[in-house]
Amino acid sequence: MDGEVRPLLRMAGIAKSFPGVRALDGVDLEVAGGEIHALLGENGAGKSTLLKILAGAQSPDSGSITFDGKTMSFANPHAAQRAGIVTIYQEFTLAPDMSIAENVFIGREPGPGPFVNWSKLAADTAAITRGIGLERNPMTLVRDLSVAEQQLVEIARALSMNSRLIVMDEPTSALSLAEVDKLFAIVRKLKADGISVIFVTHRLEEVIEICDRYTVLRDGRNVGAGAVADVTIDDIIRLMVGREITTLFAHREAGEPGEVALAVEGLTRRRTAQDPHATELRDVSLSVRRGEILGIAGLVGAGRTETARAIFGADPFDTGRVLIDGQPVDIRSPRDAIERGIGLVPEDRKLQALFLTQAIRTNMSIAALDRLDLFGIFVDERKERGLVDEFKKLLNIRMAGPEQAVGNLSGGNQQKVVLARWLALRPKVLIVDEPTRGIDVGAKVEVHNLLFEMAKSGIAVIAISSELPEVLAVSDRIVTMREGRVTGEVMRADATQEKLMAMMTLTSTAAAA
Amino acid sequence: MSEAQQAAARNGGGVDLFGLLAKFAPLLFLIVLMAVFAILEPRFLSSINLFNVMRQVSITGLLAIGMTFVILTAGIDLSIGSLLAFAGLVGAAVAKGGMQDRFTVGDGAVGYGWQLAALAAIAVGLAGGYIQGLAITRLKVPPFVVTLGGMSVFRGAALLFAGGGPISGFDRAFTWWGQGKFGPVPIPVIIFLVAAVIAHIVLRYTRYGRQVYAVGGNPEAARLSGLNVGRVICSVYVIMGFFAGLGAFVLSARLNSAEAVAGTGYELTVIASVVIGGTSLFGGIGSIFGTVIGSFLIGVLLNGLVMMNVSSYIQQIIIGVIVVLAVAFDTFAKSRRRKV
Numbered sequence: 001m002d003g004e005v006r007p008l009l010r011m012a013g014i015a016k017s018f019p020g021v022r023a024l025d026g027v028d029l030e031v032a033g034g035e036i037h038a039l040l041g042e043n044g045a046g047k048s049t050l051l052k053i054l055a056g057a058q059s060p061d062s063g064s065i066t067f068d069g070k071t072m073s074f075a076n077p078h079a080a081q082r083a084g085i086v087t088i089y090q091e092f093t094l095a096p097d098m099s100i101a102e103n104v105f106i107g108r109e110p111g112p113g114p115f116v117n118w119s120k121l122a123a124d125t126a127a128i129t130r131g132i133g134l135e136r137n138p139m140t141l142v143r144d145l146s147v148a149e150q151q152l153v154e155i156a157r158a159l160s161m162n163s164r165l166i167v168m169d170e171p172t173s174a175l176s177l178a179e180v181d182k183l184f185a186i187v188r189k190l191k192a193d194g195i196s197v198i199f200v201t202h203r204l205e206e207v208i209e210i211c212d213r214y215t216v217l218r219d220g221r222n223v224g225a226g227a228v229a230d231v232t233i234d235d236i237i238r239l240m241v242g243r244e245i246t247t248l249f250a251h252r253e254a255g256e257p258g259e260v261a262l263a264v265e266g267l268t269r270r271r272t273a274q275d276p277h278a279t280e281l282r283d284v285s286l287s288v289r290r291g292e293i294l295g296i297a298g299l300v301g302a303g304r305t306e307t308a309r310a311i312f313g314a315d316p317f318d319t320g321r322v323l324i325d326g327q328p329v330d331i332r333s334p335r336d337a338i339e340r341g342i343g344l345v346p347e348d349r350k351l352q353a354l355f356l357t358q359a360i361r362t363n364m365s366i367a368a369l370d371r372l373d374l375f376g377i378f379v380d381e382r383k384e385r386g387l388v389d390e391f392k393k394l395l396n397i398r399m400a401g402p403e404q405a406v407g408n409l410s411g412g413n414q415q416k417v418v419l420a421r422w423l424a425l426r427p428k429v430l431i432v433d434e435p436t437r438g439i440d441v442g443a444k445v446e447v448h449n450l451l452f453e454m455a456k457s458g459i460a461v462i463a464i465s466s467e468l469p470e471v472l473a474v475s476d477r478i479v480t481m482r483e484g485r486v487t488g489e490v491m492r493a494d495a496t497q498e499k500l501m502a503m504m505t506l507t508s509t510a511a512a513a
Numbered sequence: 001m002s003e004a005q006q007a008a009a010r011n012g013g014g015v016d017l018f019g020l021l022a023k024f025a026p027l028l029f030l031i032v033l034m035a036v037f038a039i040l041e042p043r044f045l046s047s048i049n050l051f052n053v054m055r056q057v058s059i060t061g062l063l064a065i066g067m068t069f070v071i072l073t074a075g076i077d078l079s080i081g082s083l084l085a086f087a088g089l090v091g092a093a094v095a096k097g098g099m100q101d102r103f104t105v106g107d108g109a110v111g112y113g114w115q116l117a118a119l120a121a122i123a124v125g126l127a128g129g130y131i132q133g134l135a136i137t138r139l140k141v142p143p144f145v146v147t148l149g150g151m152s153v154f155r156g157a158a159l160l161f162a163g164g165g166p167i168s169g170f171d172r173a174f175t176w177w178g179q180g181k182f183g184p185v186p187i188p189v190i191i192f193l194v195a196a197v198i199a200h201i202v203l204r205y206t207r208y209g210r211q212v213y214a215v216g217g218n219p220e221a222a223r224l225s226g227l228n229v230g231r232v233i234c235s236v237y238v239i240m241g242f243f244a245g246l247g248a249f250v251l252s253a254r255l256n257s258a259e260a261v262a263g264t265g266y267e268l269t270v271i272a273s274v275v276i277g278g279t280s281l282f283g284g285i286g287s288i289f290g291t292v293i294g295s296f297l298i299g300v301l302l303n304g305l306v307m308m309n310v311s312s313y314i315q316q317i318i319i320g321v322i323v324v325l326a327v328a329f330d331t332f333a334k335s336r337r338r339k340v
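Protein chains in written order, with full-length UniProt numbering: chain A, 1 to 513; chain B, 1 to 340.
These are calculated hints, taken from the structure and not from any lab test.
Do not take every clue at face value.
A few chain A residues that face chain B, going by a derived Cβ cut-off under 7 Å, partial list only [to be verified]:
{"hint": "1", "residue": "Leu159"}
{"hint": "2", "residue": "Ala353"}
{"hint": "3", "residue": "Phe355"}
{"hint": "4", "residue": "Ile366"}
{"hint": "5", "residue": "Ala367"}
{"hint": "6", "residue": "Gly376"}
{"hint": "7", "residue": "Phe378"}
{"hint": "8", "residue": "Val379"}
{"hint": "9", "residue": "Lys383"}
Short derived list, chain A residues pointing at chain B, Cβ under 7 Å [stated by the list, open to error]:
{"hint": "10", "residue": "Asn137"}
{"hint": "11", "residue": "Ala278"}
{"hint": "12", "residue": "Arg282"}
{"hint": "13", "residue": "Ile338"}
{"hint": "14", "residue": "Gln352"}
{"hint": "15", "residue": "Thr357"}
{"hint": "16", "residue": "Ala359"}
{"hint": "17", "residue": "Ile377"}
C-beta atoms are modelled at their ideal positions from N, C-alpha and C, and glycine is treated no differently.
Please take these sequences and the hints and turn them into a complete structure.
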């Protein structure tokens, strides 16, 4: 690709801040006409925000967008579509109970006036869908299509709007290998017709296979861009990870781990018709010993959280078994799991863990009410206050008093309340999912130290995190997952961010070794 | 400033005026309303009138105690008026020993006594609540729909049971529960206040009460904390049914009659009492104390309007407007909380 050619799209110096976060800090993105452009980066690198700005769903704080030589500012998604930029999100925006034709031309049905010319609607739709290999009656309901076919409906909608640039956000994540090949054939055809595609994916092999150029973001900044032909997967991984390996997070001296406390064998969960986008689990097996911290690394959608929830009885699974101290156990609900000595600190503490309007005291004791029993029905509030006092000191929770609403605490202190809730039960196994998400650096270190303390006291800890430095800092042993499968296992001493990233993103892990 | 000090500043020392106001607004409003009526109509403050207000409030107040449990779980029960009518008729039929003596007046009627009558009314209430609770938790039908259906079902059952007519004329031991007094205090008022104290203790001090607040505050978090969310939700409709049955018994005793049209429109008055008392329709926030104040507030308002000869049509309009305003305030308070 000749760099002198005037690009179709030029985003320059795009900046965007949210309260407390600088999501984009002067990002540039250039896409030429008829080019397939890979936009790459870790979770939280700023890809989504950049694409939302391009789609008109959010407005930038500063920076400019030039499309086809004209300066643009999109007030809303409709304006972006009119200009010829269509975004196909990972979660489709189709109406399942309407036909293919209605979905393709939604809001732009051929008239006269307020009436719909159904035969023209069907004919126009068929003309587009045949071109991309969707051989279906245009009146078929979208609900009855496979995920891959639904994606084609999205593409047909984009083509019906005469778009010049189609943004595809992880289009292959829900597809089988054969379907991916078909999709790539269509994408190449679009390219041949002069349509540009921005391609977001976590599968780096796909970048090499289909993309012409790439742009890599990290922490809201550009860290690299160029022709795909000039780089290897390893180069891209280095760019994506590339932050200074700081000594911010201290390691711990791992003790000698004890017996296996929890083992999972062949955990499998398939998608159901109700939830076709759910992350599948495919034969997941792992184990954690007393006094050990097992890290699980993987990108969003890799099945980390789903594995944790299945173990904890929060979601059902199809086959596989869970063993505690070597004995198979039947866990059908979180209640069962708690009785077996398992605790879960869920990934979203506000939605899944806390009663925000209620007191710290009641938030901390809710799972331990059995142990605070007084005369069979009452809560022993003297004991309860003792519990709050104990954990306030132990975890260094900064709060005004036990009656303070937990929603008024800082993120770090909220997370400590959740940890206290489980520690009060003296669990055998504690699973922490994104234990430091959204909390400041100082509190992160404190939470890490708490995990160390827990392991030291003999608890088997499973730590899930999207942040590789965190996984590397807290874990004794690390398991990586990708698309519902365990893809590898390393001891902390042998692990690097690059190695983990390769294990998380590549189909064959051998390639990264 | 340290984080602890900041936290203290956010919460301590009356800085949270809004929260304080929200907590005591109903009580304040009640006092102001009573003062206004007392000035406009001196008879209002007579002890006879005040006990009269309390007696009128006691039936809907009993229902409001049950409704507090339901609304704390972010649910609603529209069936209570109908369930009350049905339970009242069944209880009355038991008191009269069947349907053949249904109009025989006084102690002459052969029956099973007030004890069995009360038990029968309460049993009907419990069963009605349990069935609805199961429909909500097992069939996953929203409470609004289940109890809207129940509203029609129980009213139909009541009409069917009594052939549309009343059952009246109980013995003195029965009617004492509605018409009797302990000193100057009407018995229904005592029943209401005792029930309120017990309900307050249950919600505030028992493990079960904690579970009700937790399920209402965040059902997913409650589930992940090991609570049986379905059972807690089902239980609040059973409790609501208990109070519908108890209310039915007391109402029958007060009127010396049970009718299929009894309790019509109670759901609005009762929900209004609970919401005005500060219990959030979004669940997880509220108290029995608030509900008692809310019940008195509605009672005082209606009584004052009657004394000032305001038409009962206008009273309906006023109640409706107050409910909407109370919910608007609740929504506003929720958006304030979210910003914290």
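Q. Taking the least C-beta to C-beta distance, is Ala359(A) closer than 7 Å to chain B?
A. At about 10 Å, which exceeds the 7 Å cut-off, the nearest Cβ of chain B leaves the hint on Ala359(A) violated.
| task | Return the status of the interface hint for Ile366(A): holds when the least beta-carbon distance to chain B is below 7 Å, violated otherwise. | result | Ile366(A) check passes; min Cβ-Cβ to chain B is 5 Å, inside 7 Å.
Quiz item: Going by Cβ atoms only, is Thr357(A) closer than 7 Å to chain B?
Solution: Result: holds, 6 Å to nearest chain B Cβ.
Quiz item: Does the interface hint hold: is Asn137(A) within less than 7 Å of chain B, judged Cβ to Cβ?
Solution: Not OK, violated: Asn137(A) not within 7 Å of chain B, min 34 Å.
Gly376(A) was flagged as interface toward chain B. Is the shortest Cβ-Cβ separation under 7 Å? 9 Å, violated
Point to revise | Given hint Phe378(A) near chain B, where the shortest CB pair must fall under 7 Å | key: Status holds, d = 5 Å.
Item to check | Proposed interface contact between Ile338(A) and chain B, which counts if any beta carbon pair is under 7 Å | outcome: 4 Å, holds
### Message
Quick check on Ile377(A) please, does its C-beta sit within 7 Å of some C-beta on chain B?
### Response
At 5 Å from the nearest chain B Cβ, Ile377(A) passes the 7 Å test, so the hint holds.
Quiz item: How about Val379(A): closest beta carbon in chain B under 7 Å, or not?
Solution: 6 Å, holds
Item checked: Restraint check, 7 Å cut-off on beta carbons, for Phe355(A) near chain B -> With a closest approach of 4 Å, the Phe355(A) hint holds.
**Request:** Go through the hint on Ala353(A) and say holds or violated, using the shortest Cβ distance to chain B against 7 Å.
**Result:** Since chain B brings a Cβ to about 5 Å from Ala353(A), closer than 7 Å, the hint holds.
Under 7 Å is the threshold here; is the Cβ of Arg282(A) close enough to any Cβ of chain B for the hint to stand? 25 Å, violated
Hint violations for this structure: numbers 1, 6, 9, 10, 11, 12, 16, all remaining hints satisfied.
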